[in-house]
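Full structure from sequences and hints, please.
Residue numbers (the working numbering), protein chains in the order written: chain A, 2 to 248; chain B, 153 to 616; chain C, 2 to 196.
Calculated directly from the structure, the hints in this document are not laboratory data.
Hints should not be assumed to be uniformly reliable.
List of simulated lysine-lysine pairs, DSSO-like, C-alpha gap at most 30 Å [to be verified]:
#	chain 1	residue 1	chain 2	residue 2
1	A	Lys102	B	Lys529
2	B	Lys156	B	Lys606
3	B	Lys238	B	Lys257
4	B	Lys520	A	Lys98
5	A	Lys98	A	Lys69
6	A	Lys128	B	Lys598
7	A	Lys69	A	Lys156
8	A	Lys173	B	Lys589
9	B	Lys529	A	Lys98
10	A	Lys69	B	Lys606
11	A	Lys156	A	Lys29
12	B	Lys238	B	Lys520
13	B	Lys520	A	Lys102
14	A	Lys156	B	Lys520
15	A	Lys165	A	Lys29
16	A	Lys102	A	Lys3
These numbers come from a predicted model, not from an experiment.
Residues per chain, in single letters:
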Amino acid sequence: MKIGLFIPCYIDAFYPNAGIATLELLEKLGQDVEYPMDQTCCGQPMANSGCNSDAAAAEALFVRNFAKYDAIVMPSGSCTHHVRDNFDAIPQTDDVKHVRKNTFELVEFLHDILKVEEFPWAEFPHKVGLHNSCGTLRALRTASMSELGEPFFSKPMDLLSKVKGISFATPKRPDECCGFGGTFSVTEEAVSARMGLDKVRDHHQAGAEYIVSADTSCMMHQQGCAERGGVPIRFIHIAEILNGARA
Amino acid sequence: MKVKPVNHAKAAEEFLEDAPHLTFHDERLWDMRQKRDQQMHLLPEWQDLRTRASEIKEHTLANLPEYLEQFEANAKKNGIHVHWAKDGEEHNRIVAEILEQHGAKTLIKSKSMVTEECDMRAYLQPRGVTVTETDLGERIQQLDDQLPSHIVVPAVHKLVPDVARIFAKNYNTDPNDNSPQSLAEAQRMAARPVILTSDAGMTGGNFLVAETGTFVVCTNEGNADLSATVPNLHIATLGIERLVPRMADLGVFVRLLSRSALGSPITQYTTHFRGPQKGGEMHIILVDNGRSTRLGMEEFWTSLKCIRCGACMNTCPVYRRSGGLSYGAVYSGPIGAIIDPTFNERKYSTLPFASTMNGSCTNVCPVKINIHEQLYKWRRVLAEHHELPFVKREIMHMAGKLMGQPKLYRTAINGTEVALSTLPRFVLYNWLNPWGKHRELPHPVKQTFHSWYKQNRLKKDKAQ
Amino acid sequence: MSSRDNILATLRANRPDPAAHPLPPVAMLGDMDNSRQRFENALQLLGGQILLPEEGDTLATAIARRFPDAKIICSAVPDFEGTIRIEDIESPQQAAATDVLVVRSPFGIAEMGSIFLSEAQLNSLNSAAHLTQHIVVILSEDNLSANMHTTYLERPEFHTANYGVLMSGPSATADIQGVLIRGAQGVRSLSVWWE
Chain A
2 MKIGLFIPCY
12 IDAFYPNAGI
22 ATLELLEKLG
32 QDVEYPMDQT
42 CCGQPMANSG
52 CNSDAAAAEA
62 LFVRNFAKYD
72 AIVMPSGSCT
82 HHVRDNFDAI
92 PQTDDVKHVR
102 KNTFELVEFL
112 HDILKVEEFP
122 WAEFPHKVGL
132 HNSCGTLRAL
142 RTASMSELGE
152 PFFSKPMDLL
162 SKVKGISFAT
172 PKRPDECCGF
182 GGTFSVTEEA
192 VSARMGLDKV
202 RDHHQAGAEY
212 IVSADTSCMM
222 HQQGCAERGG
232 VPIRFIHIAE
242 ILNGARA
Chain B
153 MKVKPVNHAK
163 AAEEFLEDAP
173 HLTFHDERLW
183 DMRQKRDQQM
193 HLLPEWQDLR
203 TRASEIKEHT
213 LANLPEYLEQ
223 FEANAKKNGI
233 HVHWAKDGEE
243 HNRIVAEILE
253 QHGAKTLIKS
263 KSMVTEECDM
273 RAYLQPRGVT
283 VTETDLGERI
293 QQLDDQLPSH
303 IVVPAVHKLV
313 PDVARIFAKN
323 YNTDPNDNSP
333 QSLAEAQRMA
343 ARPVILTSDA
353 GMTGGNFLVA
363 ETGTFVVCTN
373 EGNADLSATV
383 PNLHIATLGI
393 ERLVPRMADL
403 GVFVRLLSRS
413 ALGSPITQYT
423 THFRGPQKGG
433 EMHIILVDNG
443 RSTRLGMEEF
453 WTSLKCIRCG
463 ACMNTCPVYR
473 RSGGLSYGAV
483 YSGPIGAIID
493 PTFNERKYST
503 LPFASTMNGS
513 CTNVCPVKIN
523 IHEQLYKWRR
533 VLAEHHELPF
543 VKREIMHMAG
553 KLMGQPKLYR
563 TAINGTEVAL
573 STLPRFVLYN
583 WLNPWGKHRE
593 LPHPVKQTFH
603 SWYKQNRLKK
613 DKAQ
Chain C
2 MSSRDNILAT
12 LRANRPDPAA
22 HPLPPVAMLG
32 DMDNSRQRFE
42 NALQLLGGQI
52 LLPEEGDTLA
62 TAIARRFPDA
72 KIICSAVPDF
82 EGTIRIEDIE
92 SPQQAAATDV
102 LVVRSPFGIA
112 EMGSIFLSEA
122 QLNSLNSAAH
132 LTQHIVVILS
142 EDNLSANMHT
152 TYLERPEFHT
162 ANYGVLMSGP
172 SATADIQGVL
182 IRGAQGVRSL
192 SVWWE
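Okay, structure coming up:
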């Protein structure tokens, strides 16, 4: 299986370690991974703003970059959600359909496709609060949703539970959106920042040293809120922990 | 002059500045959501109920003309006068005419979102009709000259001292009264004489039953039953989408409504009106006011399934932190954001963007309206209809172009330092400044992933 | 064209395909327990009370004990005296003087702790059920329906009564800062007396 790695723009620019960890982790698991150098963005920011036609160029480029791979893996739930569920600014050719069908968020790829049983190199002796982005939770369904009363499941927690020394903090409102919301974070900055502050406080009060998530965009926002609000909590992408980061 | 879009962001910012109100508002509504969850957990059939409710509503909407005719025929047979109002203006005119025929000058009414839609009080007041809201929350809002901020708990954004201040002004109570019990008692004492002397009563309604010509009113305070049974003239106003086909269908909806809304199994009063009481006269006004048009909107017609429980508001993290009034509309919160634009696309063009599209609203909706997906679709429609702010449209246009050209993009993004200095100034002002108002910017990094990959993988490959 | 015809015509033009949205069969879901215990639990959750007889009690002595200060006790049932009969109240407004109304309900709903009243029980003086300060409802446990589904299917009253109210405990509000207050604008208390 030939894997194309997609690294979202904000990870590329601000959180390269999450990208590096994703790549190294997939390599450790014996995967054949390539990062197409001409990649930019999946089109989500434009589409989510309603400007769907402005997403066409990014979507077309995405397909050109990734059509040749058996699977496209990305350490981002919201980008995966866009490609899988909303990627329709361009004609739905066979290549487009192939790309949409074979795009996976990292956690679901590890959990559902590779069915990884262990991460022997991983050890993280800290109490973490798991943040499931709304994209992973309610669109990709990588964990049970509190509103539905369904039996508990959590793919990210399944994976993290295989890491030595890790323990989990239980926030009061585990499913509550952190308020990032893409352009919402700037067009509705006051509400967005308040939601972010409430979110990090909830994790901190539950005893979390780290907030861990499969979505860097949420964490970029939460980190900004925590630093401004003086909440002493650290942030780490799930790929980094699974790849063996100790802190 | 063109209508200005509601500035939700600004109103929300003001709401957020008041810590005690904000904290209470968030926690109170979250508590309602928690109680709803507890009720859901008690019923293993919860998801079946939701599915059934959704199916019944979709069926009814697809057969609405026939069911409305059936309802009308049965209601008339039972002695109810049935009126049809195509819009708010006509609705208000009908009410005024009925009151005039009876020489009625005073009207007591229970909560009705439809009369808010029609702005009925403002119409009747100058025509010499004194309208008194009898629901406590609604009355507080009437006395404070505000719209209801929530469809089930209209004054949920207020604290005890706010109510004490309003009642002191209107009911001569102690402005420092800090007991909810005694304030509620003050409302009871003030409302009773008005109820006992009123010429006419008005209620809204939750359901219309086609099979029997019945309408159903679900309330907690007893004020709707008082409004309907004490005066001999009862006028009820309901939206045409409130229909269910059969009496037995009510079981599904009554079981879902209050559990979703307040987390109580049922409202204290569930009242079935099938005809006038002895010596009384009963009118029902079936209100369209945009609903028949909405039924034709392929992506949005299912919003007509709404039973007005407010669960989407309670769970909405944005609503809880911005308050219902910040939406500047009769309907606020997630459901408001998808139906308000059907009333006035420009004015409410901002509301579908007052959301993170997190999807919690869709999950709690008892009739399975895909609210967050409709928010997404509204954004597209509004962009196509040129209802987006200029700056946002330009940024997206520019970003869209940039994202299609990898070389240009790479130059722009290469290292955050470079990115920050090469992005056009208006992007910085409009986007990074708001980001930084209550948040730190991400930390600069030495190297992008792209450049790391080039250095650590591509060069390595070449060296081999 | 009248508004009526206008609205109906627009609906006909705009509606989704009826064939794609069939009517599901009537739902019959949930717990089918119609026991007195379930009813009492539900009633108490909603703030209603059970008027429990003490040794040698009649309804009259129980009411006297429960409402010692009541001056006007209105009876809507043949087997209890009260101080006034509902037939003697002349207008809907006059019922406002009542302290306690005693009435018999034809059925209750175990799921909700609800009791049903219509004009048939209220001698067509529907306001009496809401203007009285307190209400005592006589109910037989033989007349309990399990849940809302069974109730709407079983009970003919929904097809015959002009006015039919399900009361689930006393009137209540939480409109002031979320504080739950029992006894809002309607009855301050609702008590069930088993017969």
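Practice prompt. Please write out, lowest number first, the hints stated earlier that are contradicted by the structure.
Written response: Number 2 - this is the single hint that the structure violates.
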